[in-house]
Amino acid sequence: MILPPGVKQGEFDRALSEFAAVVGRDWVFSSDSDVAMYDDSFSPFSAEPELQRHASAAVAPDTVEQVQSIVRIANRYKAPLYAISTGRNLGYGGSAPVYSGSVVVDLKRMNRILEVNAVEGYMVVEPGVSFLDLRRYLDERNLPFMCSTPEPGWGSPVGNALDHGCSNVVGDNFGMVNGIEVVLPNGEVLRTGMGAVPTSKLWHNYRYGFGPVIDGMFSQSNFGIVTKAGFWLIRWPEVQQSFAATSAKHDDLHAMVEAIQRMREQGLIFMSGCASPIRQAMSTNNGHIAEDIPEVNRLLARRDGGSPAEWEKLGAERNIPVSSVFGTVRGPDVVAKAVLAHARDVFGKIPGVTVHDTPAYRFPLNVADIDENRKSGLGFPQLWAFSQPAVQGTSFGHYYFSPMMKATAADVFAVNDTMRNVMIDAGDLDMLYHFGFSGGIGFYPRAYMILLEVLIRDDAALNRKRRDLFVRLAQTCGANGWAEYRAPPAFQDTVMAQYSFNDHVLRRFHETVKDALDPNGIIAPGKSGIWPKSLRKT
Amino acid sequence: MLRITAGGLPAVLAVLSLGFAGAARAADAPDVAMGHELFNKWCYGCHAASIKHGPDATLLGSVVAGTYTLQQRYHGSKPAALEERTDLTPTLIESVVRHGLNLMPRTRKTEISDVELAEITAYLTRARP
Numbered sequence: 007m008i009l010p011p012g013v014k015q016g017e018f019d020r021a022l023s024e025f026a027a028v029v030g031r032d033w034v035f036s037s038d039s040d041v042a043m044y045d046d047s048f049s050p051f052s053a054e055p056e057l058q059r060h061a062s063a064a065v066a067p068d069t070v071e072q073v074q075s076i077v078r079i080a081n082r083y084k085a086p087l088y089a090i091s092t093g094r095n096l097g098y099g100g101s102a103p104v105y106s107g108s109v110v111v112d113l114k115r116m117n118r119i120l121e122v123n124a125v126e127g128y129m130v131v132e133p134g135v136s137f138l139d140l141r142r143y144l145d146e147r148n149l150p151f152m153c154s155t156p157e158p159g160w161g162s163p164v165g166n167a168l169d170h171g172c173s174n175v176v177g178d179n180f181g182m183v184n185g186i187e188v189v190l191p192n193g194e195v196l197r198t199g200m201g202a203v204p205t206s207k208l209w210h211n212y213r214y215g216f217g218p219v220i221d222g223m224f225s226q227s228n229f230g231i232v233t234k235a236g237f238w239l240i241r242w243p244e245v246q247q248s249f250a251a252t253s254a255k256h257d258d259l260h261a262m263v264e265a266i267q268r269m270r271e272q273g274l275i276f277m278s279g280c281a282s283p284i285r286q287a288m289s290t291n292n293g294h295i296a297e298d299i300p301e302v303n304r305l306l307a308r309r310d311g312g313s314p315a316e317w318e319k320l321g322a323e324r325n326i327p328v329s330s331v332f333g334t335v336r337g338p339d340v341v342a343k344a345v346l347a348h349a350r351d352v353f354g355k356i357p358g359v360t361v362h363d364t365p366a367y368r369f370p371l372n373v374a375d376i377d378e379n380r381k382s383g384l385g386f387p388q389l390w391a392f393s394q395p396a397v398q399g400t401s402f403g404h405y406y407f408s409p410m411m412k413a414t415a416a417d418v419f420a421v422n423d424t425m426r427n428v429m430i431d432a433g434d435l436d437m438l439y440h441f442g443f444s445g446g447i448g449f450y451p452r453a454y455m456i457l458l459e460v461l462i463r464d465d466a467a468l469n470r471k472r473r474d475l476f477v478r479l480a481q482t483c484g485a486n487g488w489a490e491y492r493a494p495p496a497f498q499d500t501v502m503a504q505y506s507f508n509d510h511v512l513r514r515f516h517e518t519v520k521d522a523l524d525p526n527g528i529i530a531p532g533k534s535g536i537w538p539k540s541l542r543k544t
Numbered sequence: 489m490l491r492i493t494a495g496g497l498p499a500v501l502a503v504l505s506l507g508f509a510g511a512a513r514a515a516d517a518p519d520v521a522m523g524h525e526l527f528n529k530w531c532y533g534c535h536a537a538s539i540k541h542g543p544d545a546t547l548l549g550s551v552v553a554g555t556y557t558l559q560q561r562y563h564g565s566k567p568a569a570l571e572e573r574t575d576l577t578p579t580l581i582e583s584v585v586r587h588g589l590n591l592m593p594r595t596r597k598t599e600i601s602d603v604e605l606a607e608i609t610a611y612l613t614r615a616r617p
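Protein sequence lines correspond, in order, to chains Y and E. Per this note's numbering, residue 7 is the first one in the first sequence, and the count goes up by one each step. Per this note's numbering, residue 489 is the first one in the second sequence, and the count goes up by one each step.
Bear in mind the hints are in silico, worked out from the structure with no lab data behind them. Please read these numbers as outputs of a predicted model, since none were measured by experiment. Careful: at least some of the hints might be erroneous.
[Stated by the list, open to error] Derived EDC-like pairs (lysine to aspartate or glutamate); straight-line CA-CA distance at most 16 Å:
hint, chain 1, residue 1, chain 2, residue 2
1, E, Lys529, Y, Asp499
2, Y, Lys84, Y, Asp19
3, Y, Lys412, Y, Asp377
4, E, Lys540, Y, Glu244
5, Y, Lys543, Y, Asp499
6, Y, Lys255, Y, Asp351
7, E, Lys529, Y, Asp509
8, E, Lys540, Y, Asp377
9, Y, Lys471, Y, Glu54
10, Y, Lys255, Y, Glu323
11, Y, Lys343, Y, Glu244
12, Y, Lys255, Y, Glu318
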């Protein structure tokens, strides 16, 4: 057993006894074999056990009151806590704490779907509910709503949203949160927005309440333990349909991205993005090699990444577009048809651009008729996404480098060029070929992200090299204004360091709040690079 | 390769502890039907024999992680789909569930209790005609 730093064995034993008095002996886990189950299954340190972060114990409350008691006990013993929802945030730490020796507060038992309001279109859930649980609940009651599931579906709507997770159903999952309940570091329960009005029935209808809007302070943070959250739901549409526009010309991507983002801005589509299919033809970043075109890697390995004319020539030879964008519309059939007609009109004005419709999905869907890899985008959680690392032969999972950029072709090219040159500088052509080129992913309406998958191997030296590369990518992209939206615990300090305006005033603000709310520094020390005073490096 | 965890060598987790989810069910006579239901809830997503996919699906689009990995390991000498295996033992199942194997993550007792794990095991090791 490892101990929380600074806590003696006898004190820790007493703390565990007090936890057991609150939740029951069976819900405190302190044996080595039980605690090992909380290790990060996708740790970047998988091949270096001495560097892995471990819990000291775990405690699994069933009620908000039990969470309050646990927090109060932890304060008395100055034992750090680390709350998890379903603990399936693989690639972002899973069920392991950021700070070794923390006691994991495992909220999986708090798995109640407290309300689904089918008329007003919201739900209230506890952190232990998974997207798969939610789908089952909705189906059993014939409730016509989509699950805003990421890939994969065993994650928690609450945990995913709090970590700024995304889905192909709504994009920004935290954007759907309306009203949360939090146990503060002193054990008090706080409800945000209209939830602070004891008689209000609007907690999950109106987000702001009165005064500062503080919901976001409990996302990617360590200012409290969220015990329930309200979410706006997406009702089944009559139809959901995607379309793509493609061109053989490099320069067209600028006008095409501008056009697709204009449609997004107008609210005509809810999802958008762009790609350069010929540049991505050899990428394994999405799990498989689509083509066998050695010339692609030869161009990408060059400092200039290949000229537009070279890509256009190669694209023409292989009949693969150089530029493409996509959008997805959801709503009444007549609206979807009108939006698709509008898309054909808009892209028809760019000479040489072709619009391609994909089949329309009509709701209610028969899930048995849906291809597995299409399910999550239609609101049906599954675990298919794990085939991506599986087909690449890794036994230790993966994590992602994920910078944010403007939703413009210029930024997409610039970020790709920057990342490519960092990989060339690092002499890591294997990673460069794996990455290839990434288009912009439009989970957020006016920004794109890139997701570079880093596979974890049974090779400590290679994993170290990839971690070093990750840091160089984060620092170089950060210096150019493209910081990350989210990161595994091993890199959270690095990512937070990129948000350095005015001598890191944002981080210092977080620290001021942290010290005021949590003077003993017991809630998730180090989460998102926010350390309590006692653990801050000078 | 089994993952070696801080807790030492993967242990045989045969002790069925009352008090966890599912404890109301008899621990000494695991319910095979319940095990089937739990398998579908927790395991099927990665261990389905096959999945629905279009005629032009790539390798990635036509497999799930667990079945694909076992296919690569056994190359047909054993069934890739867990439900078709007849050689699984309680020791192996319990160890893999609790300690993970390959891409499969560890599964905590708050997710699958020991009683539930015994039911899944009973389903996967049930007598076949």
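Each hint, compared with the structure:
{"no.": "1", "hint": "E:Lys529 / Y:Asp499", "in the structure": "37 Å, violated"}
{"no.": "2", "hint": "Y:Lys84 / Y:Asp19", "in the structure": "13 Å, holds"}
{"no.": "3", "hint": "Y:Lys412 / Y:Asp377", "in the structure": "32 Å, violated"}
{"no.": "4", "hint": "E:Lys540 / Y:Glu244", "in the structure": "23 Å, violated"}
{"no.": "5", "hint": "Y:Lys543 / Y:Asp499", "in the structure": "11 Å, holds"}
{"no.": "6", "hint": "Y:Lys255 / Y:Asp351", "in the structure": "19 Å, violated"}
{"no.": "7", "hint": "E:Lys529 / Y:Asp509", "in the structure": "49 Å, violated"}
{"no.": "8", "hint": "E:Lys540 / Y:Asp377", "in the structure": "5 Å, holds"}
{"no.": "9", "hint": "Y:Lys471 / Y:Glu54", "in the structure": "13 Å, holds"}
{"no.": "10", "hint": "Y:Lys255 / Y:Glu323", "in the structure": "13 Å, holds"}
{"no.": "11", "hint": "Y:Lys343 / Y:Glu244", "in the structure": "12 Å, holds"}
{"no.": "12", "hint": "Y:Lys255 / Y:Glu318", "in the structure": "6 Å, holds"}
The earlier numbered hints that this structure contradicts are 1, 3, 4, 6, 7.
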